[in-house]
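Novice: Keeping the supplied structure of chain Z fixed, place chain B upon it in accordance with the hints.
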Amino acid sequence: MIPPPFDYFAPTDIQEALDLLNKYGEEAKILAGGQSLMPLLKARITTIPYLISLSEIRGLSYIDERKGALHIGAMTLDCDIELSGIIKKRFPILADAAGQLADPLVRNMGTIGGNISHADPSNDLPAVMNAIGATMIAKGRKGSREINASDFFIDTFTTALDHGEILTEIRLPFWGNSSGGSYVKFKKGTWNFSVAAVAVQLELDGKKVIRSGIATTSVGPRTLKMEKAEKFIIGKELTEDTIKQAAEMVARDSQPASDSYGSEEYKREILRRITTDAIKNAHKRAGGE
Amino acid sequence: MELSEKLVTGKGRFTDDINLPGMIHLAFVRSPYARAKILKISGGLTSEDIALSVSSVGEGASEGFENLAHPVLAHKFVGYVGQPVAAVFSENQYEAEDMIDSVDIEYDPLKAVSDPEESINFEPIYPGLKSNTIVDKWYGSDFNPERSQIEIEDRFVNNRIATNPIEPRGVVAAYDGSKLTVWMGTQSVHSIRRGFSEAMKLPLESVRIVQMDTGGAFGLKGGMFPEYIVAAHLAMKEKRPVKWIETRREHLMASRPGRGVIGKVRLFADRNGKIHGLKGDVIVDNGAFTGGSGEFSPGFIAQQMAGPYKIDNAYVRARSVLTNKAPQGPYRGAGRPEAMYFVERMMDRLADELKMDPVDVRLLNAATEPYKSPLGYHVEASKPFLESAVKELNYRKYAGRENVGFSFFILYHATSGGESARILAEDGKLKVWLGGNAHGQRHDIFVKTLIREELGVDEDLIDVQKGDTDQIEDGVGAWGSRSAMVAGSAVVIAARKIKEQIQKKAGKYSVDKLLEGSWDSYEFYRYDRMESSLGANLVTADVDHLGRVKVKECLAYYDLGRVLDPVNAAGQNAGGVVQGIGQTLYESLTFDEDGQPMITSISDAGVLSADLVPKSSIKFHKSESDLPSRAKGIGESPTIGIPIALSRAIEVATGLKIRETPISPEYLLSSSGKK
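Protein sequence lines, in the order shown, are assigned to chains Z and B. The working numbering puts the first residue of the first sequence at 4, with every later residue one more than the last. The working numbering puts the first residue of the second sequence at 1060, with every later residue one more than the last.
Possibly wrong hints are sitting among the right ones.
To be verified - Calculated lysine to any residue pairs in the SDA-like style (CA-CA distance at most 25 Å, straight line):
#, chain 1, residue 1, chain 2, residue 2
1, Z, Lys283, B, Ser1729
2, Z, Lys190, B, Leu1728
3, B, Lys1556, B, Glu1575
4, Z, Lys45, B, Leu1667
5, Z, Lys190, B, Thr1649
6, B, Lys1442, B, Ile1209
7, Z, Lys190, B, Ala1669
I should point out that these hints are in silico values taken from the structure, not numbers from a laboratory.
So here's chain Z without its partners, still in its complex pose (with noise of 0.2 Å):
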């Protein structure tokens, strides 16, 4: 298992990044950290001529608590988020998908810039930012811009990104006090990839639920918004009617394929069952019953 040959760059600073990038167009990706990228190298399943890494850029990993969002730097590993102190209370549901995401040696060295723009359908923190309403910041040789995570996630493996751009930082607005969030993960016994996962980040006021955001992994060409399951809960108690409802809307609207994880029959019928497991932890969390 040893990659086609490949030049490696690993430039101090984004702009000389952003300059490479730019240089090797289509041929050169950007790597960031390598748990998925180089798997694929290694198996010969695709050939990038020109890898340029993030790791040597300083100023890239952090998780900063600023006026009304926490800003997250694009090169933080997945083992920092999964252990922050800051997001387990903010936002246990990025603590709870860092915490799954593959095994601790993929999280010791993969990032969250990574894991996001890889844009793989099996990723797990793409959901979550589509259930928190996340806002991506990517730099280009011209500035930056910020893209909101329901418009990042294109399709398979493809993104909002421009080819010359780079996502540097994360940003998570902060929800009100009596929220919360929960992402489930159900995965075959020993496989790396879930059958199904789903996000649900929300928002009470009393009994009532007033904010929501709900978003699947693996069940679709990208993580799938499922904003028909958002609305419908807006307004209501979180009875056991309105959960079963809202689960049925969540495994009607994925899109998943029979594979060897599964027929599509299955894996709509595993999203029923944990949609209803995340609603409710969801709910408990955001201090509901």
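Specialist: Relative to the frame of chain Z, chain B by itself:
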């Protein structure tokens, strides 16, 4: 440094740690098709350069079927995805892998068959063949089941699984003009030497096999493989050392996986649960070539199918069928887990049919005295053991709980053929070699115990060596739960022989005389019988609302005869429990309709991660064997008993009939509300 400490602190020396001056790295171009004609090959070494086939050695080795022997490099046809077609090499390992793309092969793909039952009536996969069924034999004799009041029937599948040792296959071969030396991880340097000698038509004495630290084997590393012969051929031709190390991807596609057996069983009994007869049909998924264990397996399985029970009438058909997959090979248990799974699952069926306790059905049918089963194998008196197992495992406390499964089995040890040992006393120390080579079991521990007992030597002065055909004349191999029995006995006799040598030369034996002198003793302990021992397991497991199984307790009660080292025996059990659960819940090598393997990475191979390993414990029954070591085997017991008991626990927990390993999570989800 103690061996375990050495291995877990990175101080082991494995085949891939060898780097010799001028060494060449080998890489293989493998078939992307499950079945195809080869129209043209340009580049690389091909069957034109090396027109040899692999010889069958190791556990379950077979004779005959020369036309179906595995070619070292594919000739005219390919029979499975991953089959070596051409070889490329370079001084640089990176370059060798890059060179794979430089070989151009034209194929004419043909329709492949990967399901053995389908293959029975499928067109023969090679020209000139009449049928894909290569073994079709009957065991026992037909009988009239008229007087039986109950007839139950079911079909079970143990799907194929990769052996998946941590260290994959690999060799380093070198040639000095007269002798070929091969360094590798192996279970048997002598079988491997025979394999090279037969395949390459070299005299035995011009081949030397040296065992390196061996990172697990589980049956895989007793046999010969095409890649080894290409490495040796190239070493002799180029007069340079050659290295080949298997990748995990290659292991999952193109090494020899185990299991892959279907068993159909019909049981005839009366209303109080007494079995009158058994009829069966065993189908082994042989894969595309012979030389693995696919010819040996069906008969071996069929002959065990009375289990530990007294069954007066039995008649079993045993078949092996070609499929477009890598040849089947031995995997920890190698036919034993399959046979016992088929019989034991039927005992549970019978209990359910009669609404009896499953262990009571087993007690009713256990053999009260030894007898020869109509299928061929000797069955020991099993009822007294089962009665103690029920007590020792505290079964009556668990009985009736909605998450408990029980298994009762007979383990046939591969003792026939015997084994060798050599003890060399020199410079105040003892060196010991065994004919079968340990690959993780720590045979050194029991060897030291036995020698200390026989010769009174301090264990620190005993050094157990790895296998080397230059150091020990002959040997069989470490497999089939045999080592403590036959290798242990060879050690005992070799030690006694040294004692006699000393007594003859120097009068009364003393440790000082032994350590001051120079003594050498080699013993090939000949043993022709297949021995057996009994075992029982109790497993509890829960299944949640998502169909996830949580294995809670794995309890064992095994007859080990004399327990040479309880800690190490518990270690054997712990590892076997992990593999038993792996087979039952997660591990399988699946293929699509075109024979393309679906499992190509360790991340989906289903091997248990540490967080899924439950509590396991073992109690010993100590009915000593008649062998000089007085021991009985354990290596394969957990891989026999765990899948049966765990399948039953899940059956009880879900109300679903369990017929197949691994148990599909999708199937388990359909259980909701069933109970």
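Novice: Run every hint past the structure and note whether it holds.
Specialist: So, going through the hints one by one against the coordinates:
| no. | hint | verdict |
| --- | --- | --- |
| 1 | Lys283/Z with Ser1729/B | holds, 23 Å |
| 2 | Lys190/Z with Leu1728/B | holds, 13 Å |
| 3 | Lys1556/B with Glu1575/B | holds, 17 Å |
| 4 | Lys45/Z with Leu1667/B | holds, 24 Å |
| 5 | Lys190/Z with Thr1649/B | holds, 18 Å |
| 6 | Lys1442/B with Ile1209/B | holds, 23 Å |
| 7 | Lys190/Z with Ala1669/B | holds, 15 Å |
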